[in-house]
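Student: Listed below are the residues making up each chain.
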Amino acid sequence: MNLNQLTIKDAKEGLKAKKFSSIELTKACIEQIKKYNKDLSAFITITEKEALESAKKADELISNKQDLPFLGIPVALKDLFSTKGIKTTAASNVLKDYVPEYDATVVRKLKDAGAVIVGKTNLDAWAHGSSGENSDFGPTKNPWNKEYVPGGSSSGSAVSVASDMCIASTGTDTGGSIRLPASFNNVVGLKPTYGRVSRYGIIAMASSLDSIGHFTKTVEDSALFFNVTAGKDIMDATTLPDLTEDFTKNLDNGIKGLKIGIPKEFVSGLDEDVEITFKQSYKILENLGAQIVDIKLPYTEYGIAAYYIIQPSEVSSNLARYDGIRYGNKRSTFGDEAKRRIMLGTFTLSSGYYDAYYKKAMSIRTLIKKDFDDTFQKIDALFSPVCSTPPWKLGEKISDPLKMYLSDALTVTANIAGIPSLSVPAGFSSNDLPIGIQIMGKQLSENILFRIGNAFEKYTNFYKQKPKL
Amino acid sequence: MKIDVTHIAKLADLPLAQSEKEKFGKQLSEILSYIEKLKEVDTKKVEITSQVTGLENVTREDEAKPSLSQNEALSNAKSQHNGLFKVKAILE
Numbered sequence: 006m007n008l009n010q011l012t013i014k015d016a017k018e019g020l021k022a023k024k025f026s027s028i029e030l031t032k033a034c035i036e037q038i039k040k041y042n043k044d045l046s047a048f049i050t051i052t053e054k055e056a057l058e059s060a061k062k063a064d065e066l067i068s069n070k071q072d073l074p075f076l077g078i079p080v081a082l083k084d085l086f087s088t089k090g091i092k093t094t095a096a097s098n099v100l101k102d103y104v105p106e107y108d109a110t111v112v113r114k115l116k117d118a119g120a121v122i123v124g125k126t127n128l129d130a131w132a133h134g135s136s137g138e139n140s141d142f143g144p145t146k147n148p149w150n151k152e153y154v155p156g157g158s159s160s161g162s163a164v165s166v167a168s169d170m171c172i173a174s175t176g177t178d179t180g181g182s183i184r185l186p187a188s189f190n191n192v193v194g195l196k197p198t199y200g201r202v203s204r205y206g207i208i209a210m211a212s213s214l215d216s217i218g219h220f221t222k223t224v225e226d227s228a229l230f231f232n233v234t235a236g237k238d239i240m241d242a243t244t245l246p247d248l249t250e251d252f253t254k255n256l257d258n259g260i261k262g263l264k265i266g267i268p269k270e271f272v273s274g275l276d277e278d279v280e281i282t283f284k285q286s287y288k289i290l291e292n293l294g295a296q297i298v299d300i301k302l303p304y305t306e307y308g309i310a311a312y313y314i315i316q317p318s319e320v321s322s323n324l325a326r327y328d329g330i331r332y333g334n335k336r337s338t339f340g341d342e343a344k345r346r347i348m349l350g351t352f353t354l355s356s357g358y359y360d361a362y363y364k365k366a367m368s369i370r371t372l373i374k375k376d377f378d379d380t381f382q383k384i385d386a387l388f389s390p391v392c393s394t395p396p397w398k399l400g401e402k403i404s405d406p407l408k409m410y411l412s413d414a415l416t417v418t419a420n421i422a423g424i425p426s427l428s429v430p431a432g433f434s435s436n437d438l439p440i441g442i443q444i445m446g447k448q449l450s451e452n453i454l455f456r457i458g459n460a461f462e463k464y465t466n467f468y469k470q471k472p473k474l
Numbered sequence: 205m206k207i208d209v210t211h212i213a214k215l216a217d218l219p220l221a222q223s224e225k226e227k228f229g230k231q232l233s234e235i236l237s238y239i240e241k242l243k244e245v246d247t248k249k250v251e252i253t254s255q256v257t258g259l260e261n262v263t264r265e266d267e268a269k270p271s272l273s274q275n276e277a278l279s280n281a282k283s284q285h286n287g288l289f290k291v292k293a294i295l296e
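Chains as they are written, first to last, in the numbering used here: chain C, 6 to 474; chain F, 205 to 296.
It is worth saying that the hints were derived from the structure and are not from the lab.
A virtual CB, placed ideally from N, CA and C, is assigned to each residue, including glycine.
Each statement offered as a hint is correct.
Calculated cross-link-like contacts (lysine-lysine; reagent style DSSO-like; alpha-carbon spacing at most 27 Å):
| id | chain 1 | residue 1 | chain 2 | residue 2 |
| --- | --- | --- | --- | --- |
| 1 | F | 241 | C | 375 |
| 2 | F | 249 | C | 374 |
| 3 | C | 408 | F | 225 |
| 4 | C | 24 | C | 40 |
| 5 | F | 225 | C | 335 |
| 6 | F | 290 | C | 92 |
| 7 | C | 335 | F | 230 |
| 8 | C | 364 | F | 248 |
| 9 | C | 335 | F | 214 |
| 10 | F | 269 | C | 92 |
| 11 | C | 335 | F | 290 |
| 12 | C | 116 | C | 101 |
| 13 | C | 383 | C | 301 |
| 14 | F | 282 | C | 92 |
| 15 | F | 243 | C | 375 |
| 16 | F | 230 | C | 402 |
| 17 | F | 290 | C | 101 |
| 18 | F | 214 | C | 101 |
| 19 | C | 374 | F | 243 |
| 20 | C | 469 | C | 39 |
| 21 | C | 237 | F | 269 |
| 22 | C | 364 | F | 243 |
| 23 | F | 243 | C | 408 |
| 24 | F | 214 | C | 364 |
| 25 | F | 290 | C | 89 |
Label-pair distances were calculated between CB atoms; the ranges are:
| id | chain 1 | residue 1 | chain 2 | residue 2 | range |
| --- | --- | --- | --- | --- | --- |
| 26 | C | 285 | F | 270 | 51 to 59 Å |
| 27 | C | 401 | F | 224 | 18 to 26 Å |
| 28 | F | 210 | C | 401 | 29 to 37 Å |
| 29 | C | 408 | F | 287 | 45 to 53 Å |
| 30 | F | 293 | C | 90 | 33 to 41 Å |
| 31 | C | 464 | F | 249 | 45 to 53 Å |
| 32 | C | 303 | F | 274 | 53 to 61 Å |
| 33 | F | 246 | C | 246 | 33 to 41 Å |
| 34 | C | 326 | F | 210 | 21 to 29 Å |
| 35 | F | 230 | C | 66 | 57 to 65 Å |
| 36 | F | 273 | C | 464 | 54 to 62 Å |
| 37 | C | 463 | F | 287 | 56 to 64 Å |
Calculated from the model, a selection of chain F residues having no Cβ within reach of chain C, i.e. all distances over 12 Å:
| id | residue |
| --- | --- |
| 38 | 222 |
| 39 | 268 |
| 40 | 286 |
Go ahead and model the full structure; you've got the sequences and the hints to work with.
Tutor: Have a look at this one:
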């Protein structure tokens, strides 16, 4: 096994036992990036020099018997996370030469934990998209088959982990932007409870929905990553009070006796491959001792409609700051998708339409949230596919925005309700493309999601399968 | 639902070419027609939800803290003059 293929857990153990150095581990990742980035477009910026400097420092600290959670571990950042002195573009021409003067809170936390930043990953510009094709710098490709989309918007972050260009990466999930690419790439993706990870310094998409999460190779790594990033931040007033907990603590408790619901609205109209995979998946949970129950979440069908009012409204407001004066380029340099969303949001917030659209959508939000709240009185978690189809071909949906938007039908309601959801590899389609399942829980229930995900992963081991690059 | 693209683009300060106006006009109408399905739901007695944290009145001490220097704040400005952002005249 090459060093860049390691998990966080194994890399940490190897570094600690001096089986290899952080310099060697970092070089292995950078080599992999250099070898395959031309084909995959996973990275916008490679920070080789800075990475090798931090790796050298990490090796010194390790020699001095220092122990930090991510000491010497190579991590990639979605290019929406502000990095002091390193270009942060949001994959948009508006910010193509923007260099922040400060780090996002999550970036600072990762650095404080000893992480080595290897680069900034590609995305749908401003995180607007489900396929990775809306990047102003060219689409990211799916490493399992380069003719297919990797899923978006955190396309490069998912691909960088799937193709072992780093050990883990950060992402953002406003309507599915972590879970969808995680499921399309056979990696683990966490969309945490809204407010559990600071949004400070991360370029805002839709502020009431944006959740800051990450991609890892295993569920255990996802819990280790969350140990570093979760917590209250004075710079983000929407962060929740601290609950000091070790997210790895209950991982191996098994799932015997847990009540897991399958929402019927999430499993109708599935593609055949997804349906087969999903059935096998919940049978596995049953075999592991969970009780599977059928659940109804009747307002699910209004999720996308409500989301495509709330989200563009907040987008139009957040992107109003890009005036090309203080930083960035002129508004004429926005790409098509950003222009569409700015206009849609400007319209739904405009005089005479506010009540009919924005207020209506916020009422639907109440009903969707109530659906979940009532359900979680009765069960421990929900289980569903991440997407009703496997990855689709590049170009297939790009000229039909509505069709693209509907790809998020199974993911947006978790954002609307602010609940956490963990995407875990669940198998492959008939043409060998990854399929993922998601485990959703009530707010602050990440511990249970990790527990279920870990039991499922230990039984299936899909994460061990790698794309042939 | 027809959308007045020229008016909305003006509100949003987005310069659009004629061909873009036509393309976006059609696409946005399709999206809005889909969104119309929310009308099926009676929400007269439903309270709105604008955020989901349950947090209220989050405040902090009003203390000055170190912040960006003038040079740092200007570091990405393409047009500046004497340490200030330089903008086009707003009034004639």
